[in-house]
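S.K.: Chains P and C: place on chain U using the hints.
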Amino acid sequence: MAREVSTGRKAVVTAIAWGIGLLIFFPILWTVLTSFKTEGEAINPHPSFLFFDWTLENYHTVNERSDYLGHFWNSVVIALGSTLLGLLIAIPAAWSMAFVPGKRTKDLLMWMLSTKMMPAVGVLVPIYLLARDTGLLDSKTGLVIVLTLVNLPIIVWMLYTYFKEIPGEILEAARMDGASLGAEILYVLTPMAVPGIASTLLLNVILAWNESFWTLNLTAANSAPLTAFIASYSSPEGLFYAKLSAASTMAIAPILILGWFSQKQLVRGLTFGAVK
Amino acid sequence: MGEIVLSQVKKSFGGISIIQGIDLTIEDGEFVVFVGPSGCGKSTLLRLIAGLEDTSSGTIAIDGRDATRLPPARRGLAMVFQSYALYPHMTVGKNIAFPLRMAGMPKEEQERKVEAAAKVLNLTPYLDRRPSQLSGGQRQRVAIGRAIVREPSAFLFDEPLSNLDAALRVSMRQEISELHQSLKTTMVYVTHDQVEAMTMADKIVVLNAGRIEQVGSPLELYKTPANLFVAGFIGSPKMNFIEGAEAAKHAAHTLGVRPEHVDIAADGPWKGVVGISEHLGSDTFLKVQVEGIGPLTVRAGGEVRLRHGDPVSLAPQTGKLHRFDAAGKTIAA
Amino acid sequence: MATQASRTASRLMLSPAVVLLFLWMIVPLGMTVYFSFLRFNLLMPGTEEFTGFENYLYFFTDPAFWPALVNTLTLVLGVLVITVLGGVGLAVLLDQPMWGQGIVRILVIAPFLVMPSVSALVWKNMLMNPVNGLFAAAARGLGLEPFDFFAEAPLASIITIVAWQWLPFATLILLTALQSLDREQMEAAEMDGAGPFWRFLHLTVPHLMRAITVVVLIQTIFLLSVFAEILVTTNGGPGTASTTLTFLVYMQSMLQFDVGLGSAGGIVAVILANIVAIFLMRMIGKNLET
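Protein chains in written order, with this note's numbering: chain U, 936 to 1211; chain P, 30 to 362; chain C, 523 to 812.
Only chain U is shown next, with the shape it has when bound in the complex:
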């Protein structure tokens, strides 16, 4: 039972929490606001918070200067493609580890996680050369493969923790009812694990969307996703703040909205189910 708290105390807590929340959010808010300013207004030494001439001009300019939709599409393909491919490989693996655990299951999970600990930079050169020699450099296919492998341990681990919560008796019941292994996974396990699979999907789309090491090092013009699109704005100085803001807003908006709508699944996914 939650206890009654005095209104005064609640007001103070509310004020502090909102203050800190807005402070943390401020860089993003400021970027969004700046994206609607003129370039002159953007570098005004006495910046105005809300009372400036709102304009959409920056968004037009950014779209003219660079192919936002093209990069956006690359991001979607890479993030979704690598996540779906990862799920396809990880669901059977997680089924095995959750429902037919052996003595080495724990070790296997730890080993998978440890591949995630290997610094990407340690294998940058070989991957770069392999991609170059197989013609996968600067291709969406290449990035989908690399990001699938990069995030596979996390996908397996997350699914494993979700599957662990499904009582094994239900799968045994399916087996008694005459379901083959495929039917058991397709008709019983997967539908029951939909919330878990959804939050795994979500977290990995976000991770893949924001992944910046491989996407920056393995792409050039053709398959560059939004991470690379935004990096191309890193050189211009002062006069381009408003355009930079518009580009940034467009790069982060899709994932920000997706993340906000699915907060609950996100939190659950983030902890690998280790914290409830």
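These are computed hints drawn from the structure, not numbers from a lab.
Among these hints, one or two may not hold up.
As the list claims (entries may be wrong) - Output of the computed footprint for chain C on chain U, the stretches with three or more beta carbons under 8 Å from beta carbons of chain C:
(1) 949-957
(2) 1055-1064
(3) 1181-1189
Don't be surprised by glycine CBs; every beta carbon is placed ideally from N, CA and C.
M.R.: Chains P and C in isolation, oriented as in the chain U frame:
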């Protein structure tokens, strides 16, 4: 058809022996109950019959056919689990139809069978609901429905009533018994509750530490337990065990007497003092501290008005005493 | 607890993931080890030759090596300390009754969803720029000299940006853990006369240990490979002031095209990560049991 024959079935997990060589024949149409304390291997034995676990050695034959290596789906058995194990994402109707769908039965025939089963189990109004919207007893019936539509050669029940409250347990117990009467199909039922075993079984198998202690009808086990373990396990309240001088008088290491076989008699040989008394209305259970013997539980009539500290004399009914040797085996009368 | 048949099936279903990850680990790593023993420059193809440990010698004696190692550890530890302490504080705050809790949570989550290159750009240009940045404007407004963050305190600035990105993660996980705290236990302690501070120290903190372990583990994995934030802001400079191992290897192999040297650096980075990983796994193994 539903005869199950186990020969020298053994099972061990990682070097620990759970089932230590079981020979047992379950006749077609019989209601057999496996009973024993937790950890005695009764659930494991059921899962071996189901095919959810492999035997380490020995064979399991169903209807004369060796089924030891068959996968669960091909043994022609149906199982009702302790947690009911209903598919939470399917409606009641879909749950019951699942085994038929897996068998590739045509849609119309599936529906007909589901409706027939629902009618028998009073589930017709709930066919479109999800398991989460049902009460415990209803869920139990759905699990049974899913088992009966397959028309299996035998039903396996794994402690199916342990998640229900006391009143519901009694009525579901009767429903399952009635189902057995009408279907005449073999049923193998696992429980740790000796009352369930006594009330439902044609044949009780008492298991302890992976071995069969005794097999027999409920009354056989009650009247002629083969050993101390069975004597103590069957019957409620438990049989009193007396050791020492009093047992020696009867040429036994241990003497057993059930609470219902001790009378309050003014000239009784056992003198004692009443401790706690439990008044149930129909009966009164007395804990009596008897001189030279120790505490005894005694069943007396409902009207007995003895209180804490009252002196009392007791007389065991002759011919109802059980004698056991030092190894716990019953000494034949 | 299963049959032979299901164990066989299980092995079959497990193998694609295991085989792929094994290849992903062993093939490039093997190549990196091999390259690290070669004189191998992409600008001079065909001149590869075996040089033994020469690359390692160069890498260790590179004046940027020690600073990079120290910078890497400073970055990881700095961000961990800030986010764990800040995260506990924020989580306790957000766990109190208040109005609009959902909205505050949305505000706090946001930085985690922003891609690293964007957050680096925003902080670099719009907030920390000594001429046009908001901080500079604020400083001038207070009559102070604007501070050139990336010139004067490059590593601290990067730590700030990265900590801002990861604070939401720590907060969310710790908040989730807090909400599962046993209220009755708290009330029992209160009945026993324990003050709020004692309760925080002896009940809340131990309860949060598992969540803190998760935060440290997951963040370390990602922090060891922080890259875009450095690339976008300082490019490792000035000098080597904000060069990490990851960035040093990137520069050697992708900018100077010295694959041999870069590979040797990569192997060193892998060994370092393994040392960290062994510590972490020990800790996690203990805390994640049950």
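S.K.: Each hint needs a verdict: does it hold in this structure or not?
M.R.: Hint-by-hint comparison with the structure:
| no. | hint | verdict |
| --- | --- | --- |
| 1 | 949-957 | holds (count 7) |
| 2 | 1055-1064 | holds (count 10) |
| 3 | 1181-1189 | holds (count 3) |
Checked against the numbered hints given earlier, the structure satisfies every one of them.
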